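Below are the chains, spelled out letter by letter.
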Amino acid sequence: MSLRSRATTSVVLMAAIALAATACSSSKSDPLSGASKAAGSGSTVTIGSANYPENVLLASIYSQALQAKGVKVDEKFNIGSREVIYGQLQSGNLTVLPEYNGALLQYLDAKATAATSTDVDAALQKALPSSLEILNSSAAEDKDSLTVSQATADKYNLKSITDLTGQAANFTIGGQPEFKSRREQQFKDAYGLTFKDWKPTADTTANALKDGSLQVGDVFTTDPRILQLGLVALTDPKNLFGAQNVTPLVNKAGVNPTVTDTLNAVSAKLDTPGLVALMKKVSIDKDDPSAVAKDWVKANGLG
Amino acid sequence: MNWLSWISDFFSSPDRRSGPDSIANRIGEHLAISGEALFYAALLAVPLGLLIGYSGRGAGLVTALSGTARALPTLGLVTLAVLLVGVGDTAVLIPLVALAAPVLLVAACEGVRGTDPDLRDAARGIGLTHRQVLWQVCVPAALPALLAGLRTATVQVIATATVAAYVGLGGLGRYVIDGLATRDFPLTVGGALLVVLLAVAAQLLFAALSRFALPAGLRKQRR
Amino acid sequence: MDGEPLVRWYWIGDHLGYLWGLLADHAVISLVPVLIGLLLALPLGLLCTRFPRLYQPLAATFNVVYALPSLAVFVVLIPYTGLATQATVMIPLTCYALAVLLPTTVDGLRAVPDPVRQAATAMGYGPWRRLTAVELPSAVPYVVAGLRVAAVSSISLASVGALIGRGGLGYLFIDGFQRTFPTPIVAGIVLVALLALVTDGVLLLARRVLAPWAGRETAVRR
Chain A
76 MSLRSRATTS
86 VVLMAAIALA
96 ATACSSSKSD
106 PLSGASKAAG
116 SGSTVTIGSA
126 NYPENVLLAS
136 IYSQALQAKG
146 VKVDEKFNIG
156 SREVIYGQLQ
166 SGNLTVLPEY
176 NGALLQYLDA
186 KATAATSTDV
196 DAALQKALPS
206 SLEILNSSAA
216 EDKDSLTVSQ
226 ATADKYNLKS
236 ITDLTGQAAN
246 FTIGGQPEFK
256 SRREQQFKDA
266 YGLTFKDWKP
276 TADTTANALK
286 DGSLQVGDVF
296 TTDPRILQLG
306 LVALTDPKNL
316 FGAQNVTPLV
326 NKAGVNPTVT
336 DTLNAVSAKL
346 DTPGLVALMK
356 KVSIDKDDPS
366 AVAKDWVKAN
376 GLG
Chain B
489 MNWLSWISDF
499 FSSPDRRSGP
509 DSIANRIGEH
519 LAISGEALFY
529 AALLAVPLGL
539 LIGYSGRGAG
549 LVTALSGTAR
559 ALPTLGLVTL
569 AVLLVGVGDT
579 AVLIPLVALA
589 APVLLVAACE
599 GVRGTDPDLR
609 DAARGIGLTH
619 RQVLWQVCVP
629 AALPALLAGL
639 RTATVQVIAT
649 ATVAAYVGLG
659 GLGRYVIDGL
669 ATRDFPLTVG
679 GALLVVLLAV
689 AAQLLFAALS
699 RFALPAGLRK
709 QRR
Chain C
5 MDGEPLVRWY
15 WIGDHLGYLW
25 GLLADHAVIS
35 LVPVLIGLLL
45 ALPLGLLCTR
55 FPRLYQPLAA
65 TFNVVYALPS
75 LAVFVVLIPY
85 TGLATQATVM
95 IPLTCYALAV
105 LLPTTVDGLR
115 AVPDPVRQAA
125 TAMGYGPWRR
135 LTAVELPSAV
145 PYVVAGLRVA
155 AVSSISLASV
165 GALIGRGGLG
175 YLFIDGFQRT
185 FPTPIVAGIV
195 LVALLALVTD
205 GVLLLARRVL
215 APWAGRETAV
225 RR
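Chains A, B and C, in that order, are what the protein sequence lines are.
Residues in the first sequence are numbered from 76 upward in steps of one, following the working numbering.
Residues in the second sequence are numbered from 489 upward in steps of one, following the working numbering.
Residues in the third sequence are numbered from 5 upward in steps of one, following the working numbering.
What the hints contain is simulated information worked out from the structure, not anything from laboratory work.
Quantities reported herein were computed from a predicted structural model and do not represent experimental measurements.
Don't take every hint at face value.
[As the list claims (entries may be wrong)] DEER-style ranges, computed between Cβ atoms:
(1) Gly544/B with Asn282/A: 51 to 59 Å
(2) Pro56/C with Leu697/B: 23 to 31 Å
(3) Lys186/A with Pro508/B: 23 to 31 Å
(4) Val11/C with Gly574/B: 15 to 23 Å
(5) Leu302/A with Ala552/B: 47 to 55 Å
(6) Ala512/B with Ala178/A: 30 to 38 Å
(7) Ser510/B with Asp184/A: 25 to 33 Å
(8) Gly241/A with Gly576/B: 43 to 51 Å
(9) Lys186/A with Arg505/B: 23 to 31 Å
[Claimed, not checked] No more than 16 Å apart at the CA atoms, straight line, and that leaves these computed lysine to aspartate or glutamate pairs for EDC-like:
(10) Lys144/A with Asp370/A
(11) Lys361/A with Glu8/C
(12) Lys151/A with Asp29/C
No residue lacks a Cβ here, since even glycine has one placed at the ideal position from N, Cα and C.
So here's chain A without its partners, still in its complex pose (with noise of 0.2 Å):
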């Protein structure tokens, strides 16, 4: 084509997005809530889930367990980061978001200083808007934890953190690299411990524990690696980790008694090592989340 051609391309490019903003200027002020839809209670429950295999699997038990109890239900999974979903449940295009207390809470108040899962979800229920509300939370918490290998749990004696004391001094420990930054005063403060050396582990924290390069490493209590190699995550106490227990959050408009008191009775039965063994079966073993959704809800008397 000629230059001439290319210049009218240039021109009609302007065209457009001229036109294209004086078409849509009277739109809302938040586009991607998206169109707004009556969420009929009893009606179809419609599951989300953010991009991420944990959260995936979560929605698939929800959906499980509902459709076990005969609920109707449409299953949007792995469609974005929490901004997106949640803004799609606030709109009623979606009515059930698996969530984690603690982290939802940072998101709707970035100053909330609660801790403890009690006081997390008691904050929870007033920061969110009123058509929105948690069910209760569930045992399982997905969040950073001190793990050693099952040796070391046993050479020492070690269950929780302030195991640790008296011994600390002797281990190094491992982690994200802004861990150190981030934690070190913490420990010294919370559990008065000091440890002998910080290493930059990373990914590679559960694999540097099992073949002790580190004694102690920060991993995520639902890493199925934790199972795999045979870790321990020690208990926190002094919560100097805050709560992230997995929590349905529901619109309320689309859920009725039925739909609350069954995802209740899966948090009910949902805790850490039991959300470690699907994940491993889910990133490990690659089974598919709906089929190890299906599993542990006949397991656990839900269907």
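Following the hints, put chains B and C in place on chain A, whose structure we already have.
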């Protein structure tokens, strides 16, 4: 809030002026990866296309192969490449080269095949070797087709390089993907606008090239 | 990948029904837009041959459309057509298809040699009869060539829809990527390519039936 204010939000943010998220840096990354992909694609496809076009053997195969290659989904190739070779430029180059190479292959092949047979016969008749005919007759005659192919490939590569951001790499796709992830609409719209502007700029560049870089005789020939 | 094989064959065997469902969804979201694009390209193309001044700006507009990154268009449409809906993915794909089909349709309609057109008029054909009996059939090879390009790109592009929750086989790419599991990715690539090849074959066959006089290849600009 409307589109115009999103666009002005995008361009007026201080993050756009310096640092890794600045427009200059993102455009630089985008052009670097696109240019690298086009370079490798041309290195691979153009000589092969010229040879096949000249010999006339395997031209049908070229068309069939390029059709298949066009059907390969970029998102699939880039995710697979990341799993196989790790996050890095190579992982993005693989799908982009796969996108551009078939276009260039067909353009080179068709360009040479489209040379007037009388012209080739005449060149052979005055005693030129095959190599000389290819370089002195067919390649200049194929230039317009090659440039057109390069233009198409460039536009496609620039538009598609956006996907690189999904696997954590840079370029203008960062704006689009990060804007989607953080519900920052101006970021997405601004990023898309820059990609289009870049593609249009590339088209203008090629229009100018095909006008000024061609032998005078050919320019006259093509209206 | 820590010893993960490129393909776990049993996974494919266990998921045939699942893959078939994704393939069907993929075919709908990628090919319906091409059909709509064709339905729009024919009248627009006719308009452009009757009013040649229209063609240049229209072609230029679609040239710009073609350069739009698909993901960005999907995102921009979400507020109007919803997240993870068919419409959000199909509207941009229709525009891409139209961008390819409009120039090829116009080329096809213009390809009728003037003597042929005049002969038709001389034989007493009215404008409508001339269109259906002479101009449209002559355009078939061009339109089919455009359709082949449009269909294949549409099939390949539709997978990007997976990033906004609706991408047919594209879901296999993000699922495999997130779980460091190449098997679904490979299956997805192969199925997308197969769908494209089969569609291409069907279009070639259609051309042979509709325009048996046409040569083996008709070049397309893109």
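Please list, smallest to largest, the hint numbers that this structure does not respect.
none
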